[in-house]
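J.: Sequence:
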Amino acid sequence: MRIRNKLVIILLLSVFILSSLYSTSTYALPPNYEPPKLNVNVNNVLEHLRKLSSFAPRISGYPQCEEAAKYIAGVLSSYGYNVTLEEFNVTVPYEQHSELVLYTQIGAQVTKAYALLPNTIETSYTDGLEGEVIYVETK
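Positions 6 to 144 (the numbering used here) are the ones given, in order, by the sequence shown.
Please note: incorrect hints may appear among the correct ones.
The calculated label-pair distances, taken between Cβ atoms and stated as ranges, are [what the hints assert, rightly or not]: (1) 75 / 102: 44 to 54 Å; (2) 97 / 40: 42 to 52 Å; (3) 90 / 54: 19 to 29 Å; (4) 134 / 92: 40 to 50 Å; (5) 47 / 71: 22 to 32 Å; (6) 115 / 63: 52 to 62 Å; (7) 75 / 33: 39 to 49 Å; (8) 44 / 133: 17 to 27 Å; (9) 79 / 99: 40 to 50 Å.
The set of hints was computed from the structure by calculation and includes no laboratory data.
Computed from a predicted structure; not experimentally measured.
Even for Gly, the Cβ is constructed at its ideal location relative to N, Cα and C.
Please put together the full structure from these sequences, using the hints given.
T.: See the structure below:
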(Lines of atoms letter the chains of each structure in order from A and count residues from 1; the text may use other names and numbers.)
(Lines give C-alpha, C1' and ligand atoms only; values in the text may rest on other atoms or scores of the structure.)
Protein backbone atom coordinates (compact mmCIF):
# COMPACT_ATOMS: atom_id res chain seq x y z
CA MET A 1 0.00 0.00 0.00
CA ARG A 2 2.83 2.39 0.79
CA ILE A 3 4.46 1.87 -2.57
CA ARG A 4 1.18 2.57 -4.32
CA ASN A 5 0.76 5.87 -2.40
CA LYS A 6 4.29 6.91 -3.29
CA LEU A 7 3.68 6.12 -6.95
CA VAL A 8 0.47 8.15 -6.94
CA ILE A 9 2.25 11.11 -5.35
CA ILE A 10 5.12 10.90 -7.84
CA LEU A 11 2.64 10.65 -10.72
CA LEU A 12 0.67 13.67 -9.50
CA LEU A 13 3.84 15.73 -9.01
CA SER A 14 5.05 14.77 -12.48
CA VAL A 15 1.74 15.76 -14.05
CA PHE A 16 1.77 19.05 -12.13
CA ILE A 17 5.34 19.91 -13.13
CA LEU A 18 4.88 18.94 -16.77
CA SER A 19 1.61 20.84 -17.06
CA SER A 20 3.19 23.97 -15.60
CA LEU A 21 6.06 23.74 -18.09
CA TYR A 22 3.72 23.53 -21.07
CA SER A 23 1.26 26.11 -19.81
CA THR A 24 3.68 29.03 -19.98
CA SER A 25 2.86 31.46 -22.73
CA THR A 26 5.47 32.28 -25.30
CA TYR A 27 6.02 35.58 -27.00
CA ALA A 28 6.95 35.73 -30.65
CA LEU A 29 9.08 38.62 -31.76
CA PRO A 30 7.89 40.56 -34.79
CA PRO A 31 9.46 39.33 -38.04
CA ASN A 32 11.28 42.65 -38.59
CA TYR A 33 12.65 42.86 -35.02
CA GLU A 34 16.31 43.77 -34.64
CA PRO A 35 17.97 43.91 -31.24
CA PRO A 36 19.11 47.42 -30.27
CA LYS A 37 22.65 48.22 -31.26
CA LEU A 38 24.69 49.52 -28.38
CA ASN A 39 26.77 52.26 -29.86
CA VAL A 40 28.77 53.53 -26.89
CA ASN A 41 31.47 56.02 -27.70
CA VAL A 42 34.11 55.75 -24.97
CA ASN A 43 35.42 59.23 -25.79
CA ASN A 44 31.97 60.71 -25.14
CA VAL A 45 31.75 58.88 -21.82
CA LEU A 46 35.17 60.18 -20.78
CA GLU A 47 34.24 63.71 -21.85
CA HIS A 48 31.08 63.61 -19.71
CA LEU A 49 33.12 62.32 -16.76
CA ARG A 50 35.67 65.11 -17.19
CA LYS A 51 32.92 67.72 -17.39
CA LEU A 52 31.07 66.41 -14.32
CA SER A 53 34.34 66.17 -12.38
CA SER A 54 35.01 69.83 -13.08
CA PHE A 55 31.95 70.83 -11.03
CA ALA A 56 33.56 70.23 -7.65
CA PRO A 57 32.28 70.10 -5.00
CA ARG A 58 28.81 68.97 -6.07
CA ILE A 59 27.07 69.45 -2.73
CA SER A 60 23.41 70.45 -2.56
CA GLY A 61 23.16 74.20 -2.22
CA TYR A 62 26.51 74.95 -3.79
CA PRO A 63 26.63 76.56 -7.25
CA GLN A 64 28.64 73.63 -8.67
CA CYS A 65 25.78 71.24 -7.87
CA GLU A 66 23.36 73.41 -9.83
CA GLU A 67 25.82 73.65 -12.74
CA ALA A 68 26.18 69.85 -12.81
CA ALA A 69 22.39 69.38 -12.75
CA LYS A 70 21.96 71.84 -15.62
CA TYR A 71 24.70 70.07 -17.59
CA ILE A 72 23.05 66.66 -17.14
CA ALA A 73 19.63 68.11 -18.03
CA GLY A 74 21.11 69.68 -21.16
CA VAL A 75 22.71 66.43 -22.29
CA LEU A 76 19.52 64.44 -21.70
CA SER A 77 17.47 67.11 -23.52
CA SER A 78 19.85 66.88 -26.48
CA TYR A 79 19.06 63.14 -26.60
CA GLY A 80 15.35 63.98 -26.91
CA TYR A 81 14.25 63.42 -23.31
CA ASN A 82 11.76 65.76 -21.66
CA VAL A 83 13.73 66.91 -18.61
CA THR A 84 12.32 68.71 -15.58
CA LEU A 85 14.51 70.13 -12.82
CA GLU A 86 12.90 70.25 -9.40
CA GLU A 87 14.16 72.05 -6.31
CA PHE A 88 13.94 70.77 -2.75
CA ASN A 89 14.81 72.39 0.56
CA VAL A 90 17.60 70.66 2.45
CA THR A 91 19.79 71.71 5.33
CA VAL A 92 23.41 71.77 4.25
CA PRO A 93 26.43 73.39 5.91
CA TYR A 94 27.48 76.19 3.62
CA GLU A 95 30.96 77.67 3.70
CA GLN A 96 31.11 81.26 2.51
CA HIS A 97 34.75 82.09 3.07
CA SER A 98 37.73 80.60 4.86
CA GLU A 99 41.39 81.43 4.59
CA LEU A 100 44.61 80.61 6.35
CA VAL A 101 47.12 83.41 6.85
CA LEU A 102 50.72 82.42 7.59
CA TYR A 103 52.91 85.23 8.87
CA THR A 104 56.59 84.63 8.26
CA GLN A 105 59.73 86.75 8.25
CA ILE A 106 59.22 87.49 4.55
CA GLY A 107 55.56 88.50 4.92
CA ALA A 108 52.07 87.06 5.04
CA GLN A 109 50.98 84.19 2.85
CA VAL A 110 47.22 83.82 2.35
CA THR A 111 45.84 80.43 1.37
CA LYS A 112 42.21 79.52 0.75
CA ALA A 113 41.09 77.10 3.44
CA TYR A 114 38.32 74.53 3.27
CA ALA A 115 36.63 74.12 6.62
CA LEU A 116 34.06 71.65 5.31
CA LEU A 117 35.22 70.19 2.02
CA PRO A 118 37.12 68.49 0.52
CA ASN A 119 37.93 67.29 4.05
CA THR A 120 34.28 66.39 4.76
CA ILE A 121 34.61 67.83 8.26
CA GLU A 122 37.47 65.52 9.17
CA THR A 123 40.19 66.78 11.43
CA SER A 124 43.85 66.51 10.49
CA TYR A 125 46.50 64.80 12.53
CA THR A 126 48.69 67.02 14.71
CA ASP A 127 51.85 64.93 15.01
CA GLY A 128 54.94 67.00 14.26
CA LEU A 129 53.09 70.32 14.04
CA GLU A 130 54.19 73.18 16.25
CA GLY A 131 53.27 76.83 16.28
CA GLU A 132 51.27 79.56 17.90
CA VAL A 133 47.55 79.41 17.23
CA ILE A 134 45.63 82.68 17.29
CA TYR A 135 41.84 82.56 17.30
CA VAL A 136 40.27 85.64 15.76
CA GLU A 137 36.65 86.61 16.28
CA THR A 138 34.86 87.37 13.03
CA LYS A 139 31.99 89.77 12.63
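J.: Do residue 97 and residue 40 keep their Cβ atoms within the hinted range of 42 to 52 Å?
T.: 44 Å, holds
J.: Can the suggested window of 40 to 50 Å be confirmed for the beta-carbon pair residue 134 and residue 92?
T.: 42 Å, holds
J.: Kindly confirm whether 44 to 54 Å is satisfied by the beta carbon distance between residue 75 and residue 102.
T.: Distance hint for residue 75, residue 102 is violated at roughly 25 Å.
J.: Kindly confirm whether 40 to 50 Å is satisfied by the beta carbon distance between residue 79 and residue 99.
T.: 25 Å, violated
J.: A range of 22 to 32 Å was offered for this pair. Does it hold for the Cβ distance of residue 47 and residue 71?
T.: Since residue 47 and residue 71 have Cβ atoms about 28 Å apart, the given range 22 to 32 Å holds.
J.: Holds or violated: 17 to 27 Å for the Cβ distance of residue 44 and residue 133?
T.: 54 Å, violated
J.: For residue 90 and residue 54, compare the CB-CB distance with the range 19 to 29 Å and indicate the outcome.
T.: Check passed, 21 Å falls within 19 to 29 Å.
J.: Check the following: the C-beta atoms of residue 115 and residue 63 are separated by a distance inside 52 to 62 Å.
T.: 26 Å, violated
J.: Just tell me: holds or violated, for the beta carbon distance of residue 75 and residue 33 against 39 to 49 Å?
T.: Given range 39 to 49 Å: holds, Cβ gap about 45 Å.
The structure fails to meet hints 1, 6, 8, 9 from the earlier list, while all remaining hints are met.
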